[in-house]
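Each protein sequence line maps, in turn, to chains U and X. Under the working numbering, the first residue of the first sequence is numbered 79, with each subsequent residue one higher. Under the working numbering, the first residue of the second sequence is numbered 452, with each subsequent residue one higher.
Derived from the structure by calculation, the hints contain no laboratory data. Using N, Cα and C, we set each Cβ at its ideal position, and we do this for glycine too. Do not rely on the hints blindly, as some may be mistaken.
Said to hold, decoys possible - Distance windows between CB atoms, simulated:
#, chain 1, residue 1, chain 2, residue 2, range
1, X, Glu668, U, Leu99, 43 to 49 Å
2, U, Leu149, X, Tyr509, 30 to 36 Å
3, X, Pro636, U, Leu160, 45 to 51 Å
4, U, Leu148, X, Trp512, 32 to 38 Å
5, U, Phe100, X, Phe763, 28 to 34 Å
6, X, Ala586, U, Val330, 14 to 20 Å
7, U, Asp207, X, Leu761, 31 to 37 Å
8, U, Pro263, X, Glu672, 29 to 35 Å
9, U, Pro263, X, Tyr509, 40 to 46 Å
10, U, Leu160, X, Pro723, 41 to 47 Å
11, X, Tyr509, U, Leu99, 40 to 46 Å
12, U, Trp126, X, Leu768, 54 to 60 Å
13, X, Pro636, U, Phe100, 52 to 58 Å
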Amino acid sequence: MTTRRAWWKTVLGLVFTGIMLFPVYWMFNVSLTQTSDLRASPPHWFPWAPTFEGYATALDQQLPALGTSLLIGLSTVVLTVLIAAPAGYAIALLNLRGGKVLSFGLIVAQMIPAVVMAMGFYAIYVRLDLLNTVGGLILANSTVAVPFGVLLYTAFMSGMPKELLQAARVDGAGAWRTFISVVMPISRNSTITVALFAFLWAWADFIFASTLNRSGGMIPITLSIYQYIGNNTTQWNAIMATAVVASIPATVLLVLAQRYVAAGVTAGSVKD
Amino acid sequence: MTTLAETKAGRGSTGGAGSDVPPAPPEKLRRRRPHGTRWAAIGFAAPLLVYLVLFYVYPLWRNIDLSIHDYNIRAFVQGDADFVGWQNYVEIFSSSIFAQALANTAFFTIVSIAFQFALGLALAVFFRNYFPLSAPLRALFLMPWLLPLIVSASTWSWMLNSENGIVNSFLEAFGVGQINWLTSPETALLSVTLANIWLGIPFCLVILYSGLQNIPEDVYEAASLDGAGAWRQFWSITFPLLRPVSAITLLLGLVYTLKVVDVIWVMTAGGPGSSTTTLAIWSYREAFGTGQPDFSPAAAVGNILILVALLFGVIHLQLQRRQEAR
Numbered sequence: 079m080t081t082r083r084a085w086w087k088t089v090l091g092l093v094f095t096g097i098m099l100f101p102v103y104w105m106f107n108v109s110l111t112q113t114s115d116l117r118a119s120p121p122h123w124f125p126w127a128p129t130f131e132g133y134a135t136a137l138d139q140q141l142p143a144l145g146t147s148l149l150i151g152l153s154t155v156v157l158t159v160l161i162a163a164p165a166g167y168a169i170a171l172l173n174l175r176g177g178k179v180l181s182f183g184l185i186v187a188q189m190i191p192a193v194v195m196a197m198g199f200y201a202i203y204v205r206l207d208l209l210n211t212v213g214g215l216i217l218a219n220s221t222v223a224v225p226f227g228v229l230l231y232t233a234f235m236s237g238m239p240k241e242l243l244q245a246a247r248v249d250g251a252g253a254w255r256t257f258i259s260v261v262m263p264i265s266r267n268s269t270i271t272v273a274l275f276a277f278l279w280a281w282a283d284f285i286f287a288s289t290l291n292r293s294g295g296m297i298p299i300t301l302s303i304y305q306y307i308g309n310n311t312t313q314w315n316a317i318m319a320t321a322v323v324a325s326i327p328a329t330v331l332l333v334l335a336q337r338y339v340a341a342g343v344t345a346g347s348v349k350d
Numbered sequence: 452m453t454t455l456a457e458t459k460a461g462r463g464s465t466g467g468a469g470s471d472v473p474p475a476p477p478e479k480l481r482r483r484r485p486h487g488t489r490w491a492a493i494g495f496a497a498p499l500l501v502y503l504v505l506f507y508v509y510p511l512w513r514n515i516d517l518s519i520h521d522y523n524i525r526a527f528v529q530g531d532a533d534f535v536g537w538q539n540y541v542e543i544f545s546s547s548i549f550a551q552a553l554a555n556t557a558f559f560t561i562v563s564i565a566f567q568f569a570l571g572l573a574l575a576v577f578f579r580n581y582f583p584l585s586a587p588l589r590a591l592f593l594m595p596w597l598l599p600l601i602v603s604a605s606t607w608s609w610m611l612n613s614e615n616g617i618v619n620s621f622l623e624a625f626g627v628g629q630i631n632w633l634t635s636p637e638t639a640l641l642s643v644t645l646a647n648i649w650l651g652i653p654f655c656l657v658i659l660y661s662g663l664q665n666i667p668e669d670v671y672e673a674a675s676l677d678g679a680g681a682w683r684q685f686w687s688i689t690f691p692l693l694r695p696v697s698a699i700t701l702l703l704g705l706v707y708t709l710k711v712v713d714v715i716w717v718m719t720a721g722g723p724g725s726s727t728t729t730l731a732i733w734s735y736r737e738a739f740g741t742g743q744p745d746f747s748p749a750a751a752v753g754n755i756l757i758l759v760a761l762l763f764g765v766i767h768l769q770l771q772r773r774q775e776a777r
């Protein structure tokens, strides 16, 4: 009886997932539709005669933007980990004075709207001539991930067995040595989680790109799609093809790294 | 581990990856430390402290500065804007858009969160027990959250397109006439809210699901022996035991929904008229959305948003304290 009931749930689960993912399917479907069929009424529910013209156009025009996004994403990851990991170590394991206040500050920092940050950065970048630069965009993007990273590292590291650190100290390792050869290797899953989110947020960023990099030579994919929609509303198959390509990192990470995310999350939670 | 639950959130609509749940107070081992440790702690935290001052405090201070001066692009570069004090704020509050933006923000936020939470909770309960394929299906539910917002927003725009959209075509089969989802003032706000609900469900699902994992199975077994049905079990066990996690989910959802820009901007740009203009969109539009940037009022609106966020930040802290005290 239980198995029958379980299969019934599976069917229901498939239906729910189907409904939930319908927009994703639709994006995929439209991306394969021929331009002449885009305005067909009713729309084609399935791409019976798939075409890759949308993808050809997309790749032809969007490759540089994809490269820029990749560069921004990876740089944001590096910057975030370099700042967040030592800070987490200081708060969680070195008993930094004022660590609690700092953590609260970081929680509040996460609540600050990106629009506000964008305006502040704009005002600063205008003077420093950092508008429309990739470096400026990387810095701005990292502000989303750094507070998250510090809080995550702090949470994970405060759950580390203290005996391990004492053992390192007995062996004569200083704070730096302990950090590099004991704490960081154990925190590997946290690093993966932080890196994952830093990358995804930077990759998906639209607000900073559309404010700080509006007329730059190197624009990220999100801004490129947005400008594409503005200029070229008829070629929705190409727009959706670009959207599919822009979703690849998310999909890859969902498939490959989901286990690591789950591992990082649960590792952080079993600490009592 | 409260920090995880709250930090996992993030992107535009409400976002966040997995999380886990109720916190145990961080028990720090108090022991005598060598003298160097304090300095080491400061040294390791130094990059973050410098970073926060340069890239948080300074931009926020510039933002306050913007809001009490009369800045335009020229004054921006030369730095000689006139000091106007509270005038920008007065103009904001007396603007005809203010009331509408406030009402739109309230509608967008409350409706989004109510549905995200209800649907996320229902799905979390549905996925709680193992069934064949439950894990991969649950993973697939993360998809909307992981996609770049611009991707989801443009997909929704095309689905809701008046002439060629799949939604209208579907409704037509039931004899419903053409609805101008995004171009009529009556339905535009509803449409962007709908898209935002879709975006936020995964976040609620993940947090609530991990909250459910922390409820011991034998509680349910005992209830089951006592003859409590599924409905009864939900209201007498799941719902009350999930309250702390629910509170955090709702609060974070609130804060993250307040600051949504991308979804609305891509779908309607705040229009038609001001029918989808929320406070965040208003700020964005004044500063960056028109040919003539008006930074000072935009900064004023932004600062009002920050105050609201701070208010919820404090509530959040209180909530966390109360949980830790338990």
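Exercise. Taking each numbered hint in turn, which are not upheld by the structure, reported in ascending numerical order?
Worked result: 1, 2, 8, 9, 13
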